[in-house]
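Q: These protein sequence lines map, in sequence, to chains A, B and C. In terms of the working numbering, the numbers along the first sequence are unbroken and rise by one, the last being 281. In terms of the working numbering, the numbers along the second sequence are unbroken and rise by one, the last being 1264. In terms of the working numbering, the numbers along the third sequence are unbroken and rise by one, the last being 2277.
Some clues are possibly wrong.
The calculated lysine-lysine pairs, modelled on PhoX-like cross-linking and capped at a C-alpha distance of 20 Å, are [unchecked claim]:
1) B/Lys1112 <-> C/Lys2024
2) B/Lys1005 <-> B/Lys1016
3) B/Lys1098 <-> C/Lys2024
Honestly, the hints are just simulated from the structure, not real lab data.
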Amino acid sequence: MAKNKVEKVPLFDRIFKPEVITLENGHSVARPKSRVPLILAILFVAILIAARATGFDFNILFNRINQLTVILGKIFNPNWSFFPKVLPPLIGTIKMSIVGTVVGCVVALPVSIFASSNINKNKPTLLIIRFIISVVRSLPAIVYAYFFVLVFGLGTFAGSLAIAFFTFGIVAKMLYENIETIDMGPYEAMTSFGANTLESFWTACLPQILPQFFDNCLYCFELNVRNSSILGYVGAGGLGLLINERVGLRQYNDVGMILLTIFVVVMTIDLVNDYIRSKII
Amino acid sequence: MIEFKDVSKTYPNGTKGLQHVNLQIEQGEFIAIIGLSGAGKSTLIRTINRMIDITDGQLLVDGVDVMSLKGKELRRFRRKIGMIFQSFNLVSRSTVIKNVLASNVPDMPWYKTMFGIYSKEQKLRALEALDKVNILDKAYNRCDELSGGQMQRVALARTVNQNPSIILADEPVASLDPIIADVVMSDFARINRDMNITILINIHHVDLALKYATRVIGVRAGEIVYDGPASEVTQEVLNLVYMGKAVPTSTDKVEIEGMVINNG
Amino acid sequence: MSTTNHYNENVLEKLASEPNNLWKRILIFLIILGLVIWGNTGSNFTGITEKGMNVAKAILNGITHPETLLLFNFTSKGIPMLLLETISIAFLGTLIGAILAIPFAFLSATNIVPKWVSIIFRSITMLIRTIPALVWALIWIRVTGPGPFCGVVTQSIASIGMVSKMYITAIENLDTGVLEALDACGCNLFEKIRVGIIPQLSASFISTAIYRFDINLKDATILGIVGAGGIGFPLTDAIANARWNRVGAFVIVLVLLVIVIEWISTKIRARLAHGRS
Chain A
1 MAKNKVEKVP
11 LFDRIFKPEV
21 ITLENGHSVA
31 RPKSRVPLIL
41 AILFVAILIA
51 ARATGFDFNI
61 LFNRINQLTV
71 ILGKIFNPNW
81 SFFPKVLPPL
91 IGTIKMSIVG
101 TVVGCVVALP
111 VSIFASSNIN
121 KNKPTLLIIR
131 FIISVVRSLP
141 AIVYAYFFVL
151 VFGLGTFAGS
161 LAIAFFTFGI
171 VAKMLYENIE
181 TIDMGPYEAM
191 TSFGANTLES
201 FWTACLPQIL
211 PQFFDNCLYC
221 FELNVRNSSI
231 LGYVGAGGLG
241 LLINERVGLR
251 QYNDVGMILL
261 TIFVVVMTID
271 LVNDYIRSKI
281 I
Chain B
1001 MIEFKDVSKT
1011 YPNGTKGLQH
1021 VNLQIEQGEF
1031 IAIIGLSGAG
1041 KSTLIRTINR
1051 MIDITDGQLL
1061 VDGVDVMSLK
1071 GKELRRFRRK
1081 IGMIFQSFNL
1091 VSRSTVIKNV
1101 LASNVPDMPW
1111 YKTMFGIYSK
1121 EQKLRALEAL
1131 DKVNILDKAY
1141 NRCDELSGGQ
1151 MQRVALARTV
1161 NQNPSIILAD
1171 EPVASLDPII
1181 ADVVMSDFAR
1191 INRDMNITIL
1201 INIHHVDLAL
1211 KYATRVIGVR
1221 AGEIVYDGPA
1231 SEVTQEVLNL
1241 VYMGKAVPTS
1251 TDKVEIEGMV
1261 INNG
Chain C
2001 MSTTNHYNEN
2011 VLEKLASEPN
2021 NLWKRILIFL
2031 IILGLVIWGN
2041 TGSNFTGITE
2051 KGMNVAKAIL
2061 NGITHPETLL
2071 LFNFTSKGIP
2081 MLLLETISIA
2091 FLGTLIGAIL
2101 AIPFAFLSAT
2111 NIVPKWVSII
2121 FRSITMLIRT
2131 IPALVWALIW
2141 IRVTGPGPFC
2151 GVVTQSIASI
2161 GMVSKMYITA
2171 IENLDTGVLE
2181 ALDACGCNLF
2191 EKIRVGIIPQ
2201 LSASFISTAI
2211 YRFDINLKDA
2221 TILGIVGAGG
2231 IGFPLTDAIA
2241 NARWNRVGAF
2251 VIVLVLLVIV
2261 IEWISTKIRA
2271 RLAHGRS
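Just chain A, same shape as in the assembly (with noise of 0.2 Å):
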């Protein structure tokens, strides 16, 4: 039945020729050469390569380390009387992330069922689909954030769509990644009974899928909250455009109330989150 298939040597074991070790019965066995000192190597020359790009250097470091304990002080001696102003924008950061995951999530879950190799039989539409989610995901929040402060004006609605793009991206491409994934066992029995496709996908695999969904939406959700507080620096509203101020004004206590309100808020996403995953799951 089998075809007996040749196997393909790599290169490497073609120019470094594995060693054969003879046992003192006669049965003998072939080591490959270890690929170790090649690896190492090629991260030398890369490092190398790196770190005159980057102009790296030690020096500067350890000279002005200072400087760091400087801001990292202030920082984490946080200006509580900072706080009303910290309040609206982080409002509208939580409001802008609200919206562009919702609709992201949304958008993603048909897209990624058709991008899903076991549901879309069809290889020409499911390499499409996937192509155009890595072309999404491939462009950072902020340069969408860009383009559609450019386009629709200043403020959160751009933000919001700029995290819409963001999340259809992460959320796409995990959840079809999960669906693969998933026990198409039941798809075949509701076949079997004389279901079909439609039918057969409704009841069988997306009471899979959705938990997933659901749990992929929530991790989504955080990460915006997080990121989206960047959005600002190109005026798409929320936390960043304060950020950027009180930098620029050298006020890094103000800064710390910034950067101390959004780990809470996070926190407390996180722990709603993990709550509703319990509930779901």
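For this one, chain A is given, so just place chains B and C on it according to the hints.
A: Below, chains B and C alone, put in the same frame as chain A:
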């Protein structure tokens, strides 16, 4: 009635699944199909509801030529044939009753399927099916809370709920321990008796096959080498089916030429 | 209910005990809907302006007609050098971050150190994680001055949080059966670490580092916005000056770079996880 008329199946890679199979199965028979893994037992069973297409011959189920069906007709035809799998094929995250109710889906309008709305009548029928396989008390539990034997009984209830005239079971007890396997087989026997449903079972446990089935079909390399009452299955017959190698009478491991076949 | 008469009592009783989840689902749906509506309040969407339309057209036009000359410009302003700089930032940042994360991970793993030590180090990594990479860059710029070196240092620190979190999982999932077997062979502590622990951890540590490299590469493309080197600054500069053909070239190269690196890293990680096959 199921009729195989000189049926053959050749897979695209050249493997011969079935060769010139001729069979006649009356309504209400309980048939066990025995044979080595890869002998064609699964192929034989799956051609009946056309999960696998035959390549030669004719296969009639209640007078209908199976190969002539397509699309909607095929799906309507499959409604009266239930199928049971080795791996149960239940949605483990859903509740037991939802899995049983799933067999109503093909008869429901799309919007009811979409929101999973089932009528009281349907729910009662599903519960009754669960009662028939003695697992009513787990109706609202999630399937992943059940043991293997319980899951197979839920799968059986799902099939019963479909009200079929034929049940095909592809190694239904292969993942179960011997005691549970016996219980599940007795469930099959009861349903066969009470509801006059034709049952075809692929099985590696020869002792269980002989204990419950009324008729045994031995398959070897795609050919039928034995077809007769369970009471007439002798050691010679088993030698024939299992290529002359000794068959342990009560074990779920069959060892042939150093190769271990463990429940398929 | 005459239709239900022929069912036996057990069945009817069971149906009566059916849990009702419908109101729960409706409630959850309403909560999410409410959140989205609340999130949209204060959103400034007033329809797309004519100016906005023109910008959108210009962007699309630019992306479809990239400035190809830039691709073959090998000076420091050309794309090849900028890419090298970006990749270098991500590479060194990941390498240093991955090494720095090792002590953090071991000191946070509950199967290695006492609980209170683990809590202290977990909170430190949590704090590091909270500060966004861009803010780290703004802080480090005061130390290193603007340029790619700032990017390297930023990523070295910013990587610690996530990388050590994944290391911790690997350490806590260590198969202690191996150590037991080595104990039975009479190995000492050093031998146990060398033969029992390092081979188990190295694959997942390297895999984590490569995964983080993916993320860092994406981050490295935006660090330039605050002056930390890489392709980010010329990109935002081109956007600010509405040089859309140039933006188009940058965006296309970025997309290709990220996709290629992601593909390679997935291959390597799959091999690390499943061995050569």
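Q: Which numbered hints does this structure break?
A: none
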